[in-house]
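Visitor: As they're listed, the protein sequences go chains F and X.
Be aware that the first sequence starts at 76, since it is given in this note's numbering, and climbs by one per residue.
Be aware that the second sequence starts at 62, since it is given in this note's numbering, and climbs by one per residue.
Any given hint could be a false lead.
Computed cross-link-like contacts, PhoX-like style, restricted to lysine-lysine with a CA-CA straight-line distance of at most 25 Å [what the hints assert, rightly or not]:
id, chain 1, residue 1, chain 2, residue 2
1, F, Lys202, X, Lys359
2, F, Lys190, X, Lys578
3, X, Lys229, X, Lys200
4, F, Lys175, X, Lys420
5, F, Lys175, X, Lys188
6, X, Lys101, X, Lys130
7, F, Lys202, F, Lys175
8, X, Lys359, X, Lys299
9, F, Lys205, X, Lys137
10, X, Lys234, F, Lys205
11, X, Lys120, X, Lys243
12, F, Lys175, X, Lys137
13, X, Lys359, F, Lys175
14, X, Lys229, X, Lys202
15, F, Lys175, X, Lys101
16, F, Lys190, X, Lys420
17, X, Lys229, F, Lys202
18, X, Lys544, F, Lys205
19, F, Lys205, F, Lys141
20, F, Lys294, F, Lys92
21, F, Lys190, F, Lys294
22, X, Lys188, X, Lys130
23, X, Lys120, X, Lys101
24, X, Lys234, F, Lys202
25, X, Lys137, X, Lys420
26, F, Lys205, X, Lys120
27, X, Lys101, X, Lys188
28, F, Lys202, X, Lys200
29, F, Lys294, F, Lys202
30, F, Lys205, X, Lys350
31, F, Lys202, X, Lys297
32, X, Lys297, X, Lys202
33, X, Lys130, X, Lys243
34, X, Lys120, F, Lys202
35, X, Lys420, X, Lys101
36, F, Lys175, X, Lys229
37, F, Lys112, F, Lys190
38, X, Lys200, X, Lys120
39, F, Lys388, F, Lys83
Read the hints as simulated data drawn from the structure, not as lab findings.
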Amino acid sequence: MEFFRARKAFNFMGWVKPVFAFSLVISLVAIYLIVTKGFVYGIDFAGGTVVQVKYEAPVRIDEIRKHLSTTPFASAGIQEFGSSSEIVLRLQNTTADVTKDTAAQVSDALSGTGKFEIRRVDMVGPKVGKELQTQGTIALLFSVIGILIYVAFRFEWRFAVASIIALVHDVLITAGMVSLFNVEFDLTVLAALLTILGFSINDTIVIFDRIRETIHDTKESGKYQMSVIINESVTNTLSRTILTITTVFFVVLTLFLFGGEIIHGFSFAMLIGVIFGAYSSIFVASPFLIWFGYDVAQAKAAQAEKRRQHAEKEKMRAQFEQGVV
Amino acid sequence: MPSQESTRMKLNYRVILLLLATIFGLIFSLPSFTQSSEGKKVTLGLDLQGGLHMLLGVKTEEAVDSQLKSIASGLKHFGEHNDILLDGISVQDRTVTFELLDNDDTTVIDEYLKSVEGTIVHASEGKYVLSVTPESVEKLKVQAIDQAIETIRNRLDQFGLAEPTVAKQGVDKILVELPGIKTPQEEQRARELISRAAKLELMAVDEDRAMRVMELDDAEAASFGDKILEDALQPKMKHLVNDIPILDGTMLTDAQVGYDQNNRPVINFSLNSQGAQIFGDFTGKSVGKRLAIVLDGKVYSAPVINERIGGGSGQISGNYTVEEANDLAIALRSGALLAPIYMMEKRSVGPSLGADSIKASLVAFATGAALVVFFMITYYGYSGVVATTVMVVNIILIIAFMALFGATLTLPGMAGIVLTVGMAVDANVIINERIRELLREGASVRRAIEGGYDNALSTLVDANLTTLIAAVALYVYGTGPIKGFAVTLAVGILVSMFTAIMGSHGIFQMLMNRIEKSGNMNRWFGIRLGHKG
């Protein structure tokens with residue numbers, strides 16, 4: 076089976092302006108959402124207590140809320156969790172007392188609401204939450220810097236900066252969606268954002284690598300045009316992009332549908348990130364190469380120079396080994 | 062009929078490597094799949110098998126206070142033992158103060174104070190102020206944490222839970238993981254056991270003022286160098302005891318559960334020789350007075366001293382159940398916590414939730430894998446089968462490496478493996494696309510395959526290494542389950558590079574003659590080349 080039988084390059088760069096405008100708009104919307112609406116931070120970052128309770132039969136949230144209103148847990152947030160017989164209670168307060176048994180207290184407070192089992196009690200103190208927040212930010216920053224250095228080293232700075240712009244674009248939009256849909260921002264969502272970094276850069280590199288190769292292979296100087304080169308490279312890698320995105324997307328979708336409530340935030344963020352990761356490699360990272368003034372003729376000259384130096388070195392070595400010098 | 066020669070499969074070093082890797086993978090992943098007790102296996106994280114995870118902080122300040130108390134006790138005993146009159150020994154504002162009544166003793170006391178390490182002494186006109194040096198404070202704090210780790214570990218080892226983990230995290234935190242916990246009752250018991258200060262103190266009852274204890278408040282008691290303690294069995298009853306203990310649990314050598322004459326469980330403890338000496342001295346001098354046995358700030362009994370007690374042993378009786386007495390004896394034996402601990406983070410997962418999570422991720426894994434296999438085979442034909450084969454090897458190898466590293470498989474880690482399935486085939490997709498390109502350009506099968514691998518190599522290395530950077534950042538700055546995710550992701554990336562670049566290449570080389578003979582590129586690579594040439 077083949078997706079594209081036609082061997083003609085698609086004119087991707089011809090659509091760049093409207094598509095880029097779209098990117099710009101949703102990036103701005105994402106920033107707006109993140110700044111004004113912010114995130115529903117999970118207890119990993121905000122601190123607090125979460126108690127997951129499973130009932131034997133479906134329960135009604137409002138009844139439980141009413142039942143709890145006369146207990147110390149009156150202020151608890153109550154939500155359904157995955158099914159109508161499972162709920163989570165969210166409490167802002169935490170206890171530093173090692174011997175205090177939150178589970179037993181919740182158990183007492185809920186007695187009379189049906190037969191249930193307490194399946195999970197998570198408590199994160201305020202200090203730990205702060206630390207996790209800092210560590211998360213550092214992790215994001217360090218991966219971006221690491222990737223920047225690697226790409227700059229393997230390609231050149233314009234490729235590095237372009238790929239980082241695409242990365243930031245993907246992470247921003249995913250974070251914006253997390254904010255928009257009130258997905259709880261916890262450690263797994265952070266992990267998803269970092270994985271998206273990895274995925275997105277993966278896609279970008281595959282295309283960049285192809286661009287480098289196409290530049291190398293282009294012999295007619297009439298084709299020394301970055302947009303032409305990019306169109307050809309993107310077209311050549313398009314089957315791969317579509318197939319890989321489809322497989323990863325379906326895998327993430329199965330995680331989203333069947334992976335369980337606890338990693339819901341993770342799979343949600345991944346779903347968004349995977350799509351935008353592929354999209355940004357084509358429509359965000361590549362055009363920036365043009366806008367940064369990456370010139371094919373110059374690049375070819377540089378490549379030729381590199382080859383010449385390499386050949387020179389080889390020659391010297393050969394001469395040296397033969398004892399000529 | 063094809064001749065035997067032309068379709069013969071040739072072994073090559075790549076296939077042999079893949080085979081060896083597969084065998085290696087099977088051997089080391091098998092214990093994990095069967096969860097047998099033999100051999101190294103992937104440990105399931107607490108979120109999958111259920112259990113209790115705690116991050117504990119240590120109130121190190123209190124270790125310094127308790128050190129000062131200890132210095133005061135020593136000083137008091139030294140004075141009494143050598144007939145030196147020391148007045149008003151007290152601990153306040155992080156100093157020990159006292160007054161030397163007889164100037165003739167200055168040299169003796171100065172000599173003694175010099176032997177107390179890590180203190181600064183200020184003395185003027187017989188008034189002494191001892192404080193702890195800043196370096197010593199730091200040292201005490203570090204000691205308090207290390208000692209807490211040691212103590213908690215000892216207690217948990219004796220508690221008899223399977224595979225407890227007690228480790229230092231960062232500079233001042235203690236990570237405790239108890240996978241064996243199955244019920245809330247067990248959890249509560251474990252938490253009480255590890256958090257118990259188990260600080261045993263033997264204190265003198267202030268007989269002069271004991272009658273007035275109900276009228277005094279804490280400040281008044283302090284002005285006499287005393288403090289008011291609650292009775293452990295009758296909370297309304299109060300005891301007035303001397304603030305500086307005669308001796309504390311640091312001199313305790315053993316604690317065992319025994320039974321009193323009414324067959325109720327009690328704890329018998331014994332002291333080391335120094336403790337026995339102090340205890341003997343004190344009881345010899347205090348016949349007729351009462352001695353309070355204080356545990357964690359509560360008085361358990363205050364018997365009247367009838368005679369000098371040598372031998373250095375005593376008894377704590379406190380209406381215990383056998384279980385309580387047992388836990389307390391463990392706590393006493395493993396030593397007191399120098400400083401109290403507090404909860405910073407706690408995650409407890411019931412076993413049923415863990416089982417549900419495993420089930421959910423297995424369903425996601427199976428569905429995801431089935432979809433990927435379906436895609437690959439429909440799209441690429443036989444080379445999709447090759448990709449699937451190396452993907453399976455890939456998963457086996459991930460499990461094997463994780464088992465070898467003793468890594469923990471967490472719920473996000475399971476998600477990582479599911480993702481790896483998606484990513485692992487990406488390498489083969491890139492390679493297959495390159496092969497197809499060359500075939501379309503009219504290259505021979507052999508040249509297309511070899512060229513495809515050559516062309517794809519730099520892309521694969523660059524693309525995977527950059528992803529690896531993100532995985533490493535996740536590992537270094539992540540905690541708990543996220544670290545587990547990073548491990549699976551990183552191992553997955555490295556292994557998939559091997560299986561795709563080495564493994565599938567080897568398989569193609571082995572099948573080369575067959576592919577050439579067959580010439581059906583649609584069946585092998587899923588493309589129709591139309592009219593050849």
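Visitor: State for each hint whether it applies.
Guide: Right, here's what the structure says about each hint:
{"no.": "1", "hint": "Lys202(F) <-> Lys359(X)", "result": "31 Å, violated"}
{"no.": "2", "hint": "Lys190(F) <-> Lys578(X)", "result": "68 Å, violated"}
{"no.": "3", "hint": "Lys229(X) <-> Lys200(X)", "result": "16 Å, holds"}
{"no.": "4", "hint": "Lys175(F) <-> Lys420(X)", "result": "32 Å, violated"}
{"no.": "5", "hint": "Lys175(F) <-> Lys188(X)", "result": "45 Å, violated"}
{"no.": "6", "hint": "Lys101(X) <-> Lys130(X)", "result": "48 Å, violated"}
{"no.": "7", "hint": "Lys202(F) <-> Lys175(F)", "result": "19 Å, holds"}
{"no.": "8", "hint": "Lys359(X) <-> Lys299(X)", "result": "9 Å, holds"}
{"no.": "9", "hint": "Lys205(F) <-> Lys137(X)", "result": "45 Å, violated"}
{"no.": "10", "hint": "Lys234(X) <-> Lys205(F)", "result": "15 Å, holds"}
{"no.": "11", "hint": "Lys120(X) <-> Lys243(X)", "result": "29 Å, violated"}
{"no.": "12", "hint": "Lys175(F) <-> Lys137(X)", "result": "38 Å, violated"}
{"no.": "13", "hint": "Lys359(X) <-> Lys175(F)", "result": "19 Å, holds"}
{"no.": "14", "hint": "Lys229(X) <-> Lys202(X)", "result": "14 Å, holds"}
{"no.": "15", "hint": "Lys175(F) <-> Lys101(X)", "result": "37 Å, violated"}
{"no.": "16", "hint": "Lys190(F) <-> Lys420(X)", "result": "23 Å, holds"}
{"no.": "17", "hint": "Lys229(X) <-> Lys202(F)", "result": "17 Å, holds"}
{"no.": "18", "hint": "Lys544(X) <-> Lys205(F)", "result": "18 Å, holds"}
{"no.": "19", "hint": "Lys205(F) <-> Lys141(F)", "result": "33 Å, violated"}
{"no.": "20", "hint": "Lys294(F) <-> Lys92(F)", "result": "28 Å, violated"}
{"no.": "21", "hint": "Lys190(F) <-> Lys294(F)", "result": "76 Å, violated"}
{"no.": "22", "hint": "Lys188(X) <-> Lys130(X)", "result": "18 Å, holds"}
{"no.": "23", "hint": "Lys120(X) <-> Lys101(X)", "result": "38 Å, violated"}
{"no.": "24", "hint": "Lys234(X) <-> Lys202(F)", "result": "11 Å, holds"}
{"no.": "25", "hint": "Lys137(X) <-> Lys420(X)", "result": "64 Å, violated"}
{"no.": "26", "hint": "Lys205(F) <-> Lys120(X)", "result": "19 Å, holds"}
{"no.": "27", "hint": "Lys101(X) <-> Lys188(X)", "result": "64 Å, violated"}
{"no.": "28", "hint": "Lys202(F) <-> Lys200(X)", "result": "24 Å, holds"}
{"no.": "29", "hint": "Lys294(F) <-> Lys202(F)", "result": "61 Å, violated"}
{"no.": "30", "hint": "Lys205(F) <-> Lys350(X)", "result": "53 Å, violated"}
{"no.": "31", "hint": "Lys202(F) <-> Lys297(X)", "result": "37 Å, violated"}
{"no.": "32", "hint": "Lys297(X) <-> Lys202(X)", "result": "36 Å, violated"}
{"no.": "33", "hint": "Lys130(X) <-> Lys243(X)", "result": "40 Å, violated"}
{"no.": "34", "hint": "Lys120(X) <-> Lys202(F)", "result": "14 Å, holds"}
{"no.": "35", "hint": "Lys420(X) <-> Lys101(X)", "result": "23 Å, holds"}
{"no.": "36", "hint": "Lys175(F) <-> Lys229(X)", "result": "23 Å, holds"}
{"no.": "37", "hint": "Lys112(F) <-> Lys190(F)", "result": "38 Å, violated"}
{"no.": "38", "hint": "Lys200(X) <-> Lys120(X)", "result": "14 Å, holds"}
{"no.": "39", "hint": "Lys388(F) <-> Lys83(F)", "result": "40 Å, violated"}
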